[in-house]
Structures are given as structure tokens and as C-alpha cells.
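Number of protein chains: 2
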Amino acid sequence: MDAAPAATEDVRRRNTAAVLRLLRDSGPASRADLARLSGLAKATVGTIVGHLQQLGAVAEATASPAAGRGRPSTPVELDGRSHAGLGIEVNVDYVAVTALDLAGRELWFEERPRTSATMPVEQVVALAREQLDRARGQGLAPLGLTVAVPGLIDRAAGRVVQAPNLGWDDVPLAALLTDALGDDPGSAEVAVSVDNDANCAVRAESLRGVAAGTRDLVYLTGTVGLGAGILAEGRVLRGSRGLAGEVGHLRVGTTQPCACGREGCWEALAGQRALVAASGLEVDPGEDPVGYARRLAGLPDAETLLRPVTEAMERGVAALVLGLDPSVVVLGGAFVPLGDVLVPALERSLARGFTGPGVRVALSSLGLHAASVGAALDALDDVYAGRRSLPAR
Amino acid sequence: MDAAPAATEDVRRRNTAAVLRLLRDSGPASRADLARLSGLAKATVGTIVGHLQQLGAVAEATASPAAGRGRPSTPVELDGRSHAGLGIEVNVDYVAVTALDLAGRELWFEERPRTSATMPVEQVVALAREQLDRARGQGLAPLGLTVAVPGLIDRAAGRVVQAPNLGWDDVPLAALLTDALGDDPGSAEVAVSVDNDANCAVRAESLRGVAAGTRDLVYLTGTVGLGAGILAEGRVLRGSRGLAGEVGHLRVGTTQPCACGREGCWEALAGQRALVAASGLEVDPGEDPVGYARRLAGLPDAETLLRPVTEAMERGVAALVLGLDPSVVVLGGAFVPLGDVLVPALERSLARGFTGPGVRVALSSLGLHAASVGAALDALDDVYAGRRSLPAR
Numbered sequence: 001m002d003a004a005p006a007a008t009e010d011v012r013r014r015n016t017a018a019v020l021r022l023l024r025d026s027g028p029a030s031r032a033d034l035a036r037l038s039g040l041a042k043a044t045v046g047t048i049v050g051h052l053q054q055l056g057a058v059a060e061a062t063a064s065p066a067a068g069r070g071r072p073s074t075p076v077e078l079d080g081r082s083h084a085g086l087g088i089e090v091n092v093d094y095v096a097v098t099a100l101d102l103a104g105r106e107l108w109f110e111e112r113p114r115t116s117a118t119m120p121v122e123q124v125v126a127l128a129r130e131q132l133d134r135a136r137g138q139g140l141a142p143l144g145l146t147v148a149v150p151g152l153i154d155r156a157a158g159r160v161v162q163a164p165n166l167g168w169d170d171v172p173l174a175a176l177l178t179d180a181l182g183d184d185p186g187s188a189e190v191a192v193s194v195d196n197d198a199n200c201a202v203r204a205e206s207l208r209g210v211a212a213g214t215r216d217l218v219y220l221t222g223t224v225g226l227g228a229g230i231l232a233e234g235r236v237l238r239g240s241r242g243l244a245g246e247v248g249h250l251r252v253g254t255t256q257p258c259a260c261g262r263e264g265c266w267e268a269l270a271g272q273r274a275l276v277a278a279s280g281l282e283v284d285p286g287e288d289p290v291g292y293a294r295r296l297a298g299l300p301d302a303e304t305l306l307r308p309v310t311e312a313m314e315r316g317v318a319a320l321v322l323g324l325d326p327s328v329v330v331l332g333g334a335f336v337p338l339g340d341v342l343v344p345a346l347e348r349s350l351a352r353g354f355t356g357p358g359v360r361v362a363l364s365s366l367g368l369h370a371a372s373v374g375a376a377l378d379a380l381d382d383v384y385a386g387r388r389s390l391p392a393r
Numbered sequence: 001m002d003a004a005p006a007a008t009e010d011v012r013r014r015n016t017a018a019v020l021r022l023l024r025d026s027g028p029a030s031r032a033d034l035a036r037l038s039g040l041a042k043a044t045v046g047t048i049v050g051h052l053q054q055l056g057a058v059a060e061a062t063a064s065p066a067a068g069r070g071r072p073s074t075p076v077e078l079d080g081r082s083h084a085g086l087g088i089e090v091n092v093d094y095v096a097v098t099a100l101d102l103a104g105r106e107l108w109f110e111e112r113p114r115t116s117a118t119m120p121v122e123q124v125v126a127l128a129r130e131q132l133d134r135a136r137g138q139g140l141a142p143l144g145l146t147v148a149v150p151g152l153i154d155r156a157a158g159r160v161v162q163a164p165n166l167g168w169d170d171v172p173l174a175a176l177l178t179d180a181l182g183d184d185p186g187s188a189e190v191a192v193s194v195d196n197d198a199n200c201a202v203r204a205e206s207l208r209g210v211a212a213g214t215r216d217l218v219y220l221t222g223t224v225g226l227g228a229g230i231l232a233e234g235r236v237l238r239g240s241r242g243l244a245g246e247v248g249h250l251r252v253g254t255t256q257p258c259a260c261g262r263e264g265c266w267e268a269l270a271g272q273r274a275l276v277a278a279s280g281l282e283v284d285p286g287e288d289p290v291g292y293a294r295r296l297a298g299l300p301d302a303e304t305l306l307r308p309v310t311e312a313m314e315r316g317v318a319a320l321v322l323g324l325d326p327s328v329v330v331l332g333g334a335f336v337p338l339g340d341v342l343v344p345a346l347e348r349s350l351a352r353g354f355t356g357p358g359v360r361v362a363l364s365s366l367g368l369h370a371a372s373v374g375a376a377l378d379a380l381d382d383v384y385a386g387r388r389s390l391p392a393r
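In order, the protein sequence lines correspond to chains U and W.
For the first sequence, position 286 (counting from the first letter as 1) is numbered 286 according to our numbering, and the numbering increases by one without interruption.
For the second sequence, position 115 (counting from the first letter as 1) is numbered 115 according to our numbering, and the numbering increases by one without interruption.
Be aware that one or more of the hints could be misleading.
[Said to hold, decoys possible] Which bits of chain W does chain U cover? Going by a derived footprint, with three or more residues having C-beta under 8 angstroms, they are: (1) 166-178; (2) 233-240; (3) 320-334.
Simulated from the structure, these hints should not be mistaken for laboratory data.
Think of the CB as a built atom: it goes at the ideal place given N, C-alpha and C, for glycine as much as any other residue.
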């Protein structure tokens, strides 16, 4: 093992990431504190902080009068005006964008209804370009761009394997975006990723809203289909092929036919088709699953009509709770308007179950925010994990 | 934030752990390599290595002739003769012990049949004392002792909440062991932990045997009941209350009564009672579930008799695979003798399922080793995570 320049660069990036994480998680700190907390030499911390100052990523903070002990220290803090992580959620009925600063604070959020039946990739490219320009126009260096998609994702390849509701089949989205943005000045440094929308949403749910601060969390979203995002000890559970949480075809019933050709799938019993079958209410032209669920919830006999849906939810949620032992199950999407029926039923059923009470069932309060916030957090990950250097502004 | 001695000690322990992890994971390395790979200052590494040498934990290794480049470096390596991690599995029919050295290499393994119907805690204490003495007799400093128990465990409290098959109900096992061993010279430094047997076994399965090197893994063991240990990205998935993998009462059937008072539980359909119901074969006096399953597997019409058991396994395994996306499902305990029937049936069923082929089903080859090896690994964790200092021999 000989010292190689590549390894030195690795170490520098990792040490920088350690300093950035401390500033993000513990707030302003002096160089001495950073050295003590990171275990790095003071000189090393000094060099790193100097470099981060040059990049605009950290700034001198106002020194707090530290009770008069020891010599005064000059704390530094993350500067929110330097870099941004961008998250775009492409969904069936809308597109949402969130930009976060280096500390994870929201810079802006935008939501637009989708105008076409399918989603041409060109629209995603145009939106990405516009958002990158917006960041640069504000003097922010974009660190990364993550696109959240409702479908099966090959994250390593940046590929959407299947997103039936977008009409996408085997789309190399990250490569298409990287190529298309490649000509824009500075965009070569923007890392493009693709992730599943529920995986993004569960991160956002653990950060804000009803499950903020939770580290073991299941987020369950109902749209046309049904999917879960799972957080275990604060990390998104992905599985060996990135398919963890694809529970729409978990068998919770017996004979009900599913669009996948099998029978008794969870989404055949609790997805939009099941809601339509249960209520007899027709879907209005252009109506999204959330709007439909809202109308259904308004029916006087909603609870009775939803009985088969509720039972399917009870069985599916019980399976996830027994396997994963989350502290909270968050219901999102079309399940939110049905919360008055679903939440008490699920809580009763979980309390009767083997693991007893102790798992909370809650409704997402993030609305259209969830997936794009999680995607923007994902866009910041590489820098905080030391896999990528901070680019200059 | 003022520099406090406690924090300095923290940093020293963390840095020592980083050096130990490098030596464990990458093998012998020079001090210069360790400094480069850890990002620590060379002087810091020198101090740490010196301290580890004093403790006997590392020794000078034979320098490899490094192709003549640069000045010769003296590599150091973990010394297997200094410290041990002890794992004890207490099960229904046997007690097993594994001792691992600091590098995770096996020092010894022992298995003894259990002699009494219930397992008095005093027997565990006596066994622990004997094993600690054995380690000290060989000049090894015991780092920790973890006891693997088939039951619900409160790990933070070191408490066995419930282990019906041992006749244990709310036993503060870690505290009882710590108190009982407290009078022995040196035992105050032995950290005692308790863990679920399947959680221990899944770590061993990822290290050796049919699933070695796997990082996303479900281990499913059948005894009187049924339980799972789950590994996600190489870490044991525990859940918010330590109950992750307690899938014995996952509902995979409809009306079959379970000992828990509910109906259709997985273990009511695939645990020992279900095997007896399916085969009509009586349990011999003193026969363990594995022996019983072996006799059942020898029946000429075993496959037909096991049809309801196989179907329950298909549904339960499908739920775990959809939720967790493991690369391998390892069957242990009483499922091993039934492997000729179960493995092909499960593989066919998974291939027909939503996530398709790509998940391997394998039979555990570790036998009685699995849980005690995992427990011994657990006993080494605190030092490698920097939560505990290496004690002197």
C-alpha cells in the first residue's frame, strides 16, 4: 500500500465532509471545537475551513460570549447562500421542485400541474435547466439534482426501469439529463440522480411534519397504485436491487384480480381501482387520486363502503409493522383524505396485533412537498458523505 | 462548547476504533498507511499503535517486500492472542458457546445439550464464568459477552422480555450476569449484552456459509415457533423497539388458531404444531424440532403432507421479500431438513411473484454455530464502534 495522490484527495474530501456534517448537525462552532469533535488536527481543520470559506460554504458567525471561560473563539457556520441541492418530483398530476441550501433549509418550492397525458423527458430537461439557471441567478452553485419518480428505479444506473403512470419504460433519465445539461456552463459539476418517489418522501417525513425526528418510519402512499418508503435507523432501506418497499403486490387478499395478473395484491384491494369498486363513485375526467379520495370521504356511508379497503390496509400495514417495527406509519397521497376512516381502524388493528400498541399511525402533512424535499436532500448527500467535492460558485 | 476531558477521551477512543477497523478490514498495514487511510495525523497514529501494542492487541507483522518503492515500512497487524469476544446461545435443546479473537477468527466452539426442562439463569451464569476463566487462562482479555436468546429482547435494558420456550418472563439477564460476575477479578470490564437469537444468527450467516458476503439478507428460523433476523446493508435491522423480524404472527392464513389467540399466524401454519398437524407424526419424547423435521422429511409423501406448510411459507417469504428486497433468504433450524421440499417451492413462487427471480433461497449450513458466532461478533462491536476502550490483559 503506497501513498497515492488519489487516496490523499479521498482523505481530504472525507475530512471536509466530517467538518461539514458537524456544522450542519451541531450548528456554529469554532475551529478548535471542530478539531476536538472531529478528531482532526487543528491545522487540518484550519485548512479545511479556509477552503470552505473561499468557496463561500462557511462564514464567520457572531461569536457567542462563552461565559468568559478560555480565550474567545470565532465560530464559523454554514452559509446558506453558497450552494443548493435541487429536487424535482415528476408525478402523475403535477411536477414539484424544491431547492435546499447546504444546511437543508428550503430556498424555494414550486408546484405546477402537468399539462400532458404522458410526461416527455424533454419537459423534465427544460424544468431542470430552468431551475439550475434560477439557482445560478441567485449566486448559488447547484450541487446536485435528484429526480423523484413513481416507479421502479435502478439507482446505480440512474435509470427508470418502469413508471407505468408516466408512460416511461426503461428510460436512462440521469444520462439523458446529464447529456442535455452538459452544454450549459457549470452543469458538468451537477450530479444527476434518480430515485423512487416514496423513498424520497420518507426522508422528508422524518425531517418535517407529523413524523419529524423519527428514525424508523414507514411511509405509505396511495395513488393509482400503492408503494412504501422505509426508513430504518434514519437511512432509506433500499434492499439488494433497490426494490425494498415495493409492496403494492404484497398479497393481502385472495381472489381479487390485480392489473399485474395476480390475485389479492394490496393495490388491487386499496389502490384507486379498489376505491372505485368500493364506492361506485365514478372518476371525474382529469381528477387525480387525491381529489377522488376526497370526494369519496365526503359520502355519508364512507366508512361502510371503505370496509374492504380498510381490511386490506390492516393486513398490509400489519405485515410491514411485524417485519420492520417502525415507530410511525405515515399515510400519504390518496390515503390522506381517507384518514378519518383509516387511522382509527389501523390503530385499533395494530393494538390488537402481536406487537401491541406503540406504533403510531399518522397522516402526512407535507402534501406535494414530500418527494421533492427528499430528492433535494438526496442531492446534498454526496458532499456530506465525502463522495464529492464542493464545487466553486 | 469548551474542550472537555470527556470529549478528548471520546475522540481518542473513536480514533483507536478507526485504526482497529482498518486493521480488521484491510489486514496488516504500516503506520504511514494507517495515517493515510484514516486521515489521522501520523503522530496520532503512532501514539494509538503504541498503545495497542502495549495492550497486546497489535503486533509487528512481517514486512512484505513492497516492490522496492519508497523506504521500507513496518506493518502492524491484529494479534489474535490478546482479546476475545464471547457469544453464548441459550436455546431450547442446547447451549452453544463461541469465542472469537479481535479479528473475528474463531478461538473455540462448544455445544452442550440442555439437561433441564427450563433453563435456570444460574446455569447461564456458571457457563459464562467458566468461559471467561477459560479465556483468561489462555491470556486473553474478554471484551464482552453477548447472550443470544430465542425471545423478545429489550436490548437497551439487557432484558429478556419474553422467552416462552425457556420459561423466562421479564428476566433482567444482563444485570443478573453483570452482578454475578462482578466479584470475579477483571470481570467488571466485561460488557454483557443480550440479543435475539435470529438477530445474532443473521450476522453469522452474512459472514460464513451459504450467504457469506451478503449485505441484504433474511434469515428465517423454524423451531417451536418462527422468527426472522434481517440484515439491511450489512446491519441488523432492529426497528424502533427491537421487534423487527418478529414475524411469527404475521397473518398468512385465515382461520387456523394460533397459541397467541389470533388466527392464521405464520407460525400456526409453519411452526412445529403445524408440522405435527400436517404429518400426523407424533413428537418423540425429548425430540427437538430439527430432529422431528428430519423424520418428517423422510416420509415418502412428505411433499404432499407439507403442502399447507409450504403455502404458508410462500406467503410469508413473499411479504418479507417485497418489503425488504434481500438477495438471499436463508432457512435455518427445523426448515433445514425440509429443504428439499421448501427451497424449490419458494424459488418457484418468488420467480412468479412481482419482483421476479433474483432472490436466492438457501439452507443454513452453520447448524448450531450461527447464533453464538453472531453473539460473539456483537461482543466485539463496542470496541470497533469506539464506544468502549480495549481493556488491558
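task = Take the stretch 320-334 of chain W, compare each residue's beta carbon with every beta carbon of chain U, and decide whether three or more fall closer than 8 angstroms.
result = It holds, with 7 qualifying residues against the three required.
key: Coverage of the stretch 166-178 of chain W by chain U (three or more Cβ within 8 angstroms)   = violated (count 0)
ask   = Are 3 or more residues of the stretch 233-240 of chain W near chain U, judged by a Cβ distance of less than 8 angstroms?
value = Since 6 is at least three, the answer is holds.
Of the numbered hints listed earlier, the single one contradicted by the structure is hint 1.
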